[in-house]
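**Q** The sequence shown runs 0 to 176 under numbering that gives the first Met the number 0.
Warning: the hint list may mix true and false statements.
To be verified - Derived DEER-like restraints, expressed as beta-carbon distance ranges: (1) ARG97 x ILE26: 17 to 27 Å; (2) VAL145 x ALA20: 12 to 22 Å; (3) ASP70 x GLU105: 34 to 44 Å; (4) GLY143 x ALA20: 19 to 29 Å; (5) ALA10 x GLU105: 32 to 42 Å.
Quick caveat, the hints were computed from the structure, so don't treat them as lab data.
By construction, the Cβ of each residue, glycine as well, lies at the ideal position given by its N, Cα and C atoms.
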Amino acid sequence: MSKVPFQFTPADLQRYIEEQAIVARLIHEIGHTPTVPAAAAALGVDPEQIIKTLLFLLQPQDEAAGGNGSDNAVVVISHGERRVQAKLLAAHLGVSKRRVKLAPAETVLALLGYPAGGVPPFGHRYVLPVVLDASVTTAAARFGGVLYGGGGDDRTMMQVGLEELARILQPAVVAVS
Numbered sequence: 000m001s002k003v004p005f006q007f008t009p010a011d012l013q014r015y016i017e018e019q020a021i022v023a024r025l026i027h028e029i030g031h032t033p034t035v036p037a038a039a040a041a042l043g044v045d046p047e048q049i050i051k052t053l054l055f056l057l058q059p060q061d062e063a064a065g066g067n068g069s070d071n072a073v074v075v076i077s078h079g080e081r082r083v084q085a086k087l088l089a090a091h092l093g094v095s096k097r098r099v100k101l102a103p104a105e106t107v108l109a110l111l112g113y114p115a116g117g118v119p120p121f122g123h124r125y126v127l128p129v130v131l132d133a134s135v136t137t138a139a140a141r142f143g144g145v146l147y148g149g150g151g152d153d154r155t156m157m158q159v160g161l162e163e164l165a166r167i168l169q170p171a172v173v174a175v176s
């Protein structure tokens, strides 16, 4: 039986926000929001303001590669109902499209520390490279830079500005959707 990794909570995220002096606000108990439209409706915002933090794995050419997997992972922040295109992400990373896979939920929890569906854009278990979909910057400009992302679980969201997000993450801004 495999050991279940420790799971961070919204309280852990709040502590991280305070320790790092991040300008962001957690919004608790917004209700069940399994989709971007549901989260947008619960918050009363446009779906394009909802960012999602996704984890992609780069399948090693040598399957015998060991480690915790973090050296073959990249965080991608997209928004709304846009789909990240593996072909575009692979091109940015300089690998074959066949090597880029969306991480399964148990890997998301193991590497980021939060459950899929509630992953915040920062405060993860491992510091990984981050790609911010270029369309997020365009959409954020329409809403005064205000974005909403995962807040640590499926009932908590976080309000954060695009400039603050960029300051904290220092992402590569690339068109991947």
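**Q** Now look at each hint and say whether the structure bears it out.
**A** Status of each hint after checking the structure:
no., hint, verdict
1, ARG97 x ILE26: 17 to 27 Å, "violated (39 Å)"
2, VAL145 x ALA20: 12 to 22 Å, "holds (19 Å)"
3, ASP70 x GLU105: 34 to 44 Å, "violated (18 Å)"
4, GLY143 x ALA20: 19 to 29 Å, "holds (22 Å)"
5, ALA10 x GLU105: 32 to 42 Å, "violated (22 Å)"
Against the hints set out earlier in the document, violations occur for numbers 1, 3, 5.
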